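Participant: These are the residues of each chain, in order.
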Amino acid sequence: MSAITPELVEAHQLTESEYRRIVDILGREPTYTELGIFSVMWSEHCSYKSSRLHLKKLPTRGPRVLQGPGENAGVVDIGGGWAIAFKIESHNHPSFIEPFQGAATGVGGILRDIFTMGARPIAVMDALRFGPPDDPVAGARNRRILEGVVSGIAHYGNCFGVPTVGGETVFDACYNGNPLVNVFALGVFRHDEIFYARACGVGNPVIYIGAKTGRDGIHGASMASAEFTEESKQKRPNVQVGDPFLEKLLLEACLEAMKTGAVVGIQDMGAAGLTCSTCEMGSRAGTGIEIDLQYVPQREAGMTPYEIMLSESQERMLLVAEKGREEEVFRIFRKWGLDAVTIGFVTGDGLLRVKDHGAVVAEIPTRALADDAPVYHRPYTRPYRRAPMEAPEFESRDLEADLVALVTSPDLCSKRWIWEQYDYMVRTNTIRGPGADAAVLRIKDTETSVAMALDGNQRYCYLDPRQGARLILAECCRNLSAVGAEPLAVTNNLNFGNPERPEIMAQLVETIEGLAEACAFFGTPVTGGNVSLYNETLGEPVWPSPVVGVVGLRKTGPVAPLEFPRPGLAVILVGGIGACELVRFGGTEYAKVVLKSLWGLPPELDMDYERRVQAAVREIVNAGLAASSHDLSGGGLGVALARCSFSEAAVGARIELDSDLRAELLLFHEAPSRVLISTSDAAAVTAVAARYGVEAPQIGYTQENRLEIVRAGRRLVSLDVRALREQWENALPSLLAAHGN
Amino acid sequence: MKFGVVVFPGSNCDHDAWYAVVHNLGAQAEFIWHQERRLGDVDAVILPGGFSYGDYLRCGAIAKFSPVMAAVRDFAAAGGLVLGICNGFQILVECGLLPGALIRNRTLRFICREVPLRLETTDSPFTSAGERGQTLRIPVAHGEGCYVADERTLDELEAEDRVAFRYLDNVNGSLRSIAGILSRERNILGMMPHPERASDPLMGSTDGLVVFRSMVAALAWKR
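First to last, the protein sequences are chains A and B.
Residue 226 in our numbering is what sits at position 226 of the first sequence, and the numbering runs on without skipping anything.
Just so we're on the same page, our numbering is the position in the second sequence counted from 1, plus 741.
Think of the hints as simulated: they come from the structure by calculation, not from any bench.
All values derive from a computational prediction rather than experimental measurement.
Think of the CB as a built atom: it goes at the ideal place given N, C-alpha and C, for glycine as much as any other residue.
Don't take each hint at face value.
Ranges between beta-carbon positions, derived for each pair [as the list claims (entries may be wrong)]:
hint : chain 1 : residue 1 : chain 2 : residue 2 : range
1    : A       : Glu328    : B       : Thr876    : 47 to 53 Å
2    : B       : Arg814    : A       : Pro567    : 37 to 43 Å
3    : A       : Pro558    : B       : Glu771    : 29 to 35 Å
4    : B       : Ala900    : A       : Arg416    : 34 to 40 Å
5    : A       : Asn730    : B       : Arg814    : 43 to 49 Å
6    : B       : Val763    : A       : Asn730    : 38 to 44 Å
7    : B       : Val763    : A       : Ala359    : 44 to 50 Å
Pulled out of the complex, with its shape left as it was, chain A reads as follows (with noise of 0.2 Å):
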């Protein structure tokens, strides 16, 4: 056995006081595979040792709440005896070095998380942010990323057959060298199929269950907790590979299993892979387990404690059943065709002990591992932000070319490039599939269908990520209240830099409590998440990118669609045309794609009058006034009015605003609580909208084929919506291909 010298700390990533700690813990110096074993565990990943003390500030109680953060996913209830589990997961340091199976293998993780907890996985969004694709720098390089996440997604959500049914990308300079893929997923089961990751019942025997343990991710959670420099290129054994049909097999089985009654427990293997899932279990349930190496299945001959301890491969979960009921769970899994393995047994001694062939290879409280990780206070000055307040001079000279610029940049223009390789139907639920505002999945066997929207926005967050965190929230709200949803539980995944330098965790700390403050004031607690860090590449951090994904519940029934779908209705603009300043004209779309500039502030937020717009457009649309209903988000009025416009039908407007904002803002400003809804009964919205104290101009009506904007007579737009809907879609194929590889 190597001896335990301060240079092997380091290389695990320890510091000399955390491996002070651990020699406390155990009375004595650690064995090698141990010292691998806490490395993992109090790797940033794992341990949330950073963020743990700001994620207290989130809400995470509520009415409908039956399981909130610590678990492997969070559980609502959704009425009538059903209920969903949904969580996040980002998979941001495997893309960067293999897109495809870094991807890939992000959805899968994800999925385990949801079907481990006894749900079948029926969703999937992802949140995905590069670098431009049109970067001179970087450029190949991004685009690169982008074909092979979208395929990598594509590959294992398709074939596991789970409906990727939304989400969003952006590009941005600070992805360059650091994207991010994020993976939202839910599932659906009954109150009373809910399992739990607990090594409950002494001398239950342990299982492991399907794909062999190779050498295959070895330290990709301590990775994942690390900024990546030169040498990381040499990481690329770390990312595992997936394999979407044996999950696929994992989850019939699973699900099948858990139905015989003698399943006592189950977790997936991920991060940190038999380590993790041995100590997590134990130390919730208050037990130890007791595993023998030699009886994991492996896939080379050879393998030490430490690599097995610590493989990250794939599609393996840890189940305890009830003892003398094992040849039950044995007999599915071989229908299967799976392997599974008893390894060991709970004990009743609070220890994680690891033997090889009999002999004690590592030993720890499985307590210590799993919740007596470091905790950090780390200091925090101001968010870093190098932007001015001061807007740059500017003058629009051709509004109309400013719409189309923005309807045709990488992050306006459809992105059905991307989502048309997903498959959006599988299992027949998807009534609103990707490219819209929200998902809406039906349940089938009830009357409800679940809503799902996930948004993020770096460049306000940037500005100020406190409100930006309060408007990414919002939005999301708002998303959902379009088509009619009553927002009802959140998960986040967090993307930031460096935590130990005082400027990222300002960012951080600022974003949770955003946050924070914005879940309690719209009753949407936080059921779980993910932190993701360290997401810098040569000293250039990710600007602050929240990623918040938000369910909702409605009735299940037929949803008015986004677009104008005819000529002759009426347009009216629920929240009114919102004032602006200068100063918060810095973080949108417009100050990006046409001025090329960030200053001053993020949007304004009145969060109670959100609430009412919110309120007034979920009963508009849920009494069917609605003949299309929009949120505005990036891009503002304009681009709204551009997206309602692009069905095949090709439906336009007349608009004619009555407005003292100058021109570029009127169109382009990006104040929240807007949605435009377009009607045959105009009174009866606004008379909505009145009862809740709401504005609700009707600023025009739909025609065929174009969209007009007119103020005080002058006309600032007259657009082909046939030929804007054109440049609209090939925008992103275009890109890609004009580039090439």
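Following the hints, position chain B against chain A.
Facilitator: Chain B alone, transformed into the frame defined by chain A:
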């Protein structure tokens, strides 16, 4: 009237087919495990979409050797109705129950989209409830749906009126825009589009019911 839906390891549209038959069509359906050597008392068989056996080697190539396919072959030889959807079509082609092959889409990308199809013949137990020339909107979702065959086979398919559906917008590069074909005896249909996804008004189109209703009518007549 009972449909049997075959479940291979990796089938993932099996429940969708079952749901469409039971809830949207109002018929009966049951699942048939891939290791079964008998089909039981079913009146028609559906080979559903998905990735049978992970689609390793080649789509449908391993499913060809499963015990249940021997039973399906006998069932078809006796005149039973067999509908292969997407992966099911790929399996039928691999088994030689239908001619030609399905190769990667011309774009080399998976594509999921509702597409317009032209119903080319009503002379089959799968299409009799429709009208010749009728446009049906039915989704596709596949990476390897480009239908290819040699010229003689293609000519033969057309001469024998065995092209059931053609793409109006050829999304995958199929030769002669072929989306679905019939066996010579016309009791086997393989199609890449998913009629089970176009059977419920909530999913946007119910055009896929034409296929299932035709089957029900054919079976009723047979009885």
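Participant: Which of the listed hints are not met by the structure?
Facilitator: 2, 7
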